[in-house]
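Protein chains in written order, with my numbering: chain A, 1 to 256; chain B, 1001 to 1256; chain C, 2001 to 2349; chain D, 3001 to 3349; chain E, 4001 to 4305.
Treat the hints with care, since some could be wrong.
[Unchecked claim] Listed next, the in silico DSBU-like pairs over lysine-lysine satisfying Cα-Cα at most 30 Å (straight line):
hint, chain 1, residue 1, chain 2, residue 2
1, D, Lys3276, E, Lys4092
2, E, Lys4269, E, Lys4114
3, A, Lys216, B, Lys1183
4, B, Lys1236, A, Lys124
Hints listed in this document are in silico derivations from the structure and should not be mistaken for laboratory results. No experiment lies behind these values; they were computed from the predicted model shown.
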Amino acid sequence: MTPLIEVENIGKTYGSVIALSDVSTVVNAGEVTCVLGDNGAGKSTLIKVLAGVHQHDRGSFRVEGEEIRFSSPRDALDHGIATVYQDLAVVPLMSVWRNFFLGSEPTTKFGFLDRRKGREITRKALSDMGIDLRDVEQPVGTLSGGERQCVAIARAVHFGAKVLILDEPTAALGVKQAGVVLKYVAQARDRGLGVVLITHNPHHAYPVADRFLLLKRGRALGSYEKSEIGIGELTKQMAGGAELEALEHELRGVQA
Amino acid sequence: MTPLIEVENIGKTYGSVIALSDVSTVVNAGEVTCVLGDNGAGKSTLIKVLAGVHQHDRGSFRVEGEEIRFSSPRDALDHGIATVYQDLAVVPLMSVWRNFFLGSEPTTKFGFLDRRKGREITRKALSDMGIDLRDVEQPVGTLSGGERQCVAIARAVHFGAKVLILDEPTAALGVKQAGVVLKYVAQARDRGLGVVLITHNPHHAYPVADRFLLLKRGRALGSYEKSEIGIGELTKQMAGGAELEALEHELRGVQA
Amino acid sequence: MTVTATAPPAADERLGKPRALDQLVKRPEIGAMLGALLVFLFFSVVTEQFLSVGGAATWLDDASMLGIMAVAVALLMIGGEFDLSAGVMTASTALVTALLATRLGLNVWLSLLVSLAFALAVGALNGWLVMRTGLPSFIVTLGSFLALQGLNLGVTRLVTGSVQVSGMRETAGYESAGFLFASTFQIGGTSFFVSIIWWVLFTVVASVVLLRTRFGNWIFAVGGAAQNARSVGVPVVRSKILLFMTTAFAAWLVGSINILRYASVQANQGIGEEFKYIIAAVIGGCLLTGGFGSAVGAAIGALIFGMARQGIVYAGWNSDWFQLFLGVMLLAAVLVNNVLRRRAERVRR
Amino acid sequence: MTVTATAPPAADERLGKPRALDQLVKRPEIGAMLGALLVFLFFSVVTEQFLSVGGAATWLDDASMLGIMAVAVALLMIGGEFDLSAGVMTASTALVTALLATRLGLNVWLSLLVSLAFALAVGALNGWLVMRTGLPSFIVTLGSFLALQGLNLGVTRLVTGSVQVSGMRETAGYESAGFLFASTFQIGGTSFFVSIIWWVLFTVVASVVLLRTRFGNWIFAVGGAAQNARSVGVPVVRSKILLFMTTAFAAWLVGSINILRYASVQANQGIGEEFKYIIAAVIGGCLLTGGFGSAVGAAIGALIFGMARQGIVYAGWNSDWFQLFLGVMLLAAVLVNNVLRRRAERVRR
Amino acid sequence: GPTGTNTQNTGGNNSSQASGDLKVSVITHGTAGDAFWSVVKVGAEDAGKQLGVGVTYNSDGDPGAQAKLIDNAVSQKVGGIVVSMANPDALKTSVENAVKAGIPVITINSGSAKSAEFGAMAHVGQEETIAGEEAGEKLKAAGKTKLLCVIHEAGNSGLNQRCDGARSGFGGAVENLQVDISNPTDIEARIRAKLQSDASVDGVLALNPQVAVNAASAIKGASSKAQVATFDLNADVVSAIKAGEVLFAVDQQQYQQGYLPVVMLKLFKDNANTLGGGKPVLTGPGFVDKTNVDKVAEYAKNGKR
Ligand SMILES: Nc1ncnc2c1ncn2[C@@H]1O[C@H](COP(=O)(O)OP(=O)(O)OP(=O)(O)O)[C@@H](O)[C@H]1O
Ligand SMILES: Nc1ncnc2c1ncn2[C@@H]1O[C@H](COP(=O)(O)OP(=O)(O)OP(=O)(O)O)[C@@H](O)[C@H]1O
Ligand SMILES: [Mg+2]
Ligand SMILES: [Mg+2]
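Please work from the sequences and hints to get the whole structure.
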């Protein structure tokens, strides 16, 4: 079976800043690939290439075995790659349901927006995630950070076709909401989608992921199958090995 | 000893939205008060009142025993309350060091900006947090989410006087950086500061906090001393009790 | 299997009880409407002729031409861009039509078609330049503003030796084209210009497009956060270019109405008008930063403008102070509008 | 005890090696500078007199008056606001000075003081209204633009019966005030107007304030993200009001130079100029959305303007096409500027 | 005649193409696109073409900018300057500097009172005030009792002077109305509104042919009994005069205000001739009405009247 997405030795520079170099990984159908790493490690850059926001400078990028270079996010969407960005990609002044359907608006048979349908689906999708909004007509900008996150996730889940990419989806979420998101990730995987998940929380990453890609300062630090690594080792690797132990020790020291 | 901050039955509405009502808590010197709750529970609203961004509509708010109502964030700062906002409160187009010192610029004896000093202190404060920036002259807008968070935290820590308020400071941070922030929180507490910490991660909250304030839909759900509650119970309370168990069960079910 | 235990409750305990008035002011145009009502009442009371049918015909006429442009400019502003060349474009299109019809002897209808093509081309060029260079549209369209202004004068003088083109009345097809663009209709014995109907029509179409179509949704999105809109798959470049072309189309419409109605056009017509369009749109609730606004609001903004301009004349106030009255009146209207909108926004949340 | 193991490394492996040219273009003004150089070279080659001392005196003079305003407006724009009343303010201040001196017989110095107070008051009022109402400054200052325009005309006609005030040459203190504001100095046998010195001085002061003082830091902050700046303790309201007052001060300076140099002032002076100030600032690198720009850049933007305007006259091109040349030239300058700035931004990251 | 030295349509604006070495700079206060000044420009350029003189025409309504244009011409060391002085005070220094630099200056249109004082060689044209005055007198003679004077550019001193002149010439009640030349709908609507609210107005004096046409249709719209008179001509005004919709058009024959100074400068350079003996050379006003409109119509079409 060809992987849904396969990148090999991919590289990306912003002007003179090398944000990503020589990174390889695969995303298989029915599997979760988890990208981990420090702040500024290049995680968002990687998924922006996958999502068609930026284009890679070096290396190869294949979708279903076919060498590709997306010209726009629309292009990626049309190839079945849906993305939730870290900065959420919502339009603050627009209402919740209009944001939900942005770019994929439902229309009636006369070509007009089907507003009733739009509102209902949005309300349903959000309440499935445990978010009950007062009003899906309110501007997204007036939602709390976590609520906004949920809108973006609900949108990607609803429209996601083959690959679902999530950039730190649980960062701003409460315990319950985070749990719901993870459940969605697991559900999507079980429906046969390929999922790319970025997170800083090993407790969120470990239960759902099948493969871990560790980045550091733009380079791959390692790539592990779930069978190869335990949560303890993963956490240690995420924090850059030995450094964390010193820190934990110190934190405990201060507490005492 | 009078508490540094004391709020009693405080309430705040945005237009016809009641974001906060009847919430009481204290912040003592040398203690960490942790505010927990779902998305949209009113946590940010509470600390915005404490920080002088908004004003409360009802209830009483005392700083060092004195009834107060801040007219502006400057006012709060002058009372020794430094805040890191969830939306970071940085100016994207300005350079890192100018952001770091914004509102409290260092000047030479002629009244001009002391740019060398500004740059050096900024670089030092950030590298103390484990962030080594290429250039403190680069615009904050070009930093990664986590790097930006670190700038905001470093600033508040550097200028924080009596009370340090942090709204989800670890949300966007890597494991290592989160550890550093928690260390800072513990250090600040040990130096005798009062700290208000908002987080969704019980693993971050439990080690450092002395008191937990649980909010739900704008109301206090409970307030606990650390001695009164364990991390398991806390996590359960944060997720709204029974609901979580069902969810966890399901997540595991899906995984299997 | 649903995870959430709480179904969305019919009444949310976090909502204070909304007052009746607040419910009324949920629409974004309501502020401008009240502003318009104030101006209307004021001049109805202060002057005699303002409220008469003849009076209404006068200020509606004035408002209509401004209104067509204001609505188009409002769409563009919601889409996050400016078009400073919109004013001179009304003259350019009229000049093209007039020169073709009077000098080359083309049929008026054909001339109108050519000038429409010209307008759309300029609009597309504006949009393409803005998107291609990434420069603010304020600057790019300022360039086309100056260029068109120069062309208008230069070409007119080159061809006619004077600064105006006249003599449309003798051209072929003038009557029939004039009927469509510049005729009058009777209400209560008073003639109203057909431009008023164009205005209403244009506003309705723009409003429907904005609120009821995918393209309308995209206009809000590209104005509110173009980068984010792009990442969810909205064709940003195409949408913005279409908006510039819409403005150009409106300028063509106004230019055609003008040339057919006055049968002559002056080369420096339309200069300075572009700001009035923007002002009317802003009075009607458009944000200068894009992403928010309404077509109906812009039309009402133009109405306020028209009523104030003509009302001052009806009131017989010394016209030396004209601009002072206008300034004070606009500011008052915007302030009322603003207070109301804030209130509305509070409710909407 | 430090937690981090890695000290900031001298060379960061994540940085590609910067090219020499890229290093050169780090300053934001460099784009405008190149634009200015292009325009300069162009007219030096195309015309004879442009490069002469007399020629330089002419275009520097033209640039200086625009430049003083452009720099002030640039500060305001960096602070995130517009002032559309800046143009008419130059006429209002001149009118106040002239009316006081010629009609009430006040000493010129005293008249200048009064008009300065008037200017600062209007500036403060603009700023206060903007901050108080939360309306966009575009709209508020549009109101004051219209109001001042009306006042200029109305008061002038009321007092003098005509649309201009003249007769300054006979007033007390004209000589000494004229020396400060409107005298000339000799370089190579050619007289240069002292306004050029004022322009340079104003630019230098503005630049130092912007880059080297706390207030300058605040200007960037309130323009880039006012709400965020407020949360970290920047006095947003005070800063913005001060910026409006700075613009008003500059308008007073230009108005005073005008009235003392031309000894008369026309009521409709300055109308339309406000956009040229904004254009010059944008050419100089200011963002329309605030938070980014440079004072020196704005001064250079004014220089481009001055050179282009006078250069076209030197070239003897048909003035019918004047605006066309100007439009093309401005667009070209901005495009060059833009390409360079992008390059610079890539480096800066 | 000596035509054809320059066949270029845009006129002798490019000095390098002129056969003679005399360069004349015409600097007026008319705004670009103003109908009146357009004719002046055509006059000056025609003279340049015919006499082989390099003529450049520039204009700016702002006195300060106009002064800078004079400075510019002085630094170009042109052979002669023609300038209209709507605001003599503001131009004083610049004109005197030009004279000091040995450049002959001729003033046109307005500023005749200060012309000699500033050292100008001659003045061609007639004060706007006087033109307005005669228009006022003619309207009064036509039996009008209340006049509306339409200013299409607020603060333009030339236009204001015409209305002031009309006021003194008319004797009776004259009211000013301000409109905006860039918006014809607004012009028509405001005139209509004025006529609707004041039925006693029986004469409208427009200062621009386009305004005159708008005024005529406004009168129809308001079913008023007023009649229009105007400054300057275009094809529409000509046919309106024929149709009796426009009473008369003031014709300052401003073509000569552009043409004559170039001739005078040429003659001065070639033979040191002067004209007018220190007194202004008057070019108008003439009047175009039903009696002579047919004669003038053709020239109006070419932009020469
Ligand atoms: N548009 C840009 N221009 C220049 N540099 C950029 C740009 N975007 C990102 N970078 C730089 O590239 C590096 C990688 O950024 P990226 O956003 O991919 O990090 P990340 O791993 O997502 O970090 P975080 O966990 O904090 O979100 C960072 O050092 C960042 O400063
Ligand atoms: N400016 C505002 N206007 C109207 N409603 C607001 C405003 N700010 C917040 N709210 C509403 O008040 C409620 C509380 O918001 P708040 O930001 O305090 O939540 P929070 O607890 O910080 O959530 P999160 O964990 O997601 O950050 C939310 O429902 C939000 O929609
Ligand atoms: Mg990231
Ligand atoms: Mg929050």
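Now the hints, each set against the structure:
no.: 1; hint: Lys3276(D) with Lys4092(E); verdict: 27 Å, holds
no.: 2; hint: Lys4269(E) with Lys4114(E); verdict: 23 Å, holds
no.: 3; hint: Lys216(A) with Lys1183(B); verdict: 22 Å, holds
no.: 4; hint: Lys1236(B) with Lys124(A); verdict: 26 Å, holds
In the structure shown, no violation is registered for any of the earlier numbered hints.
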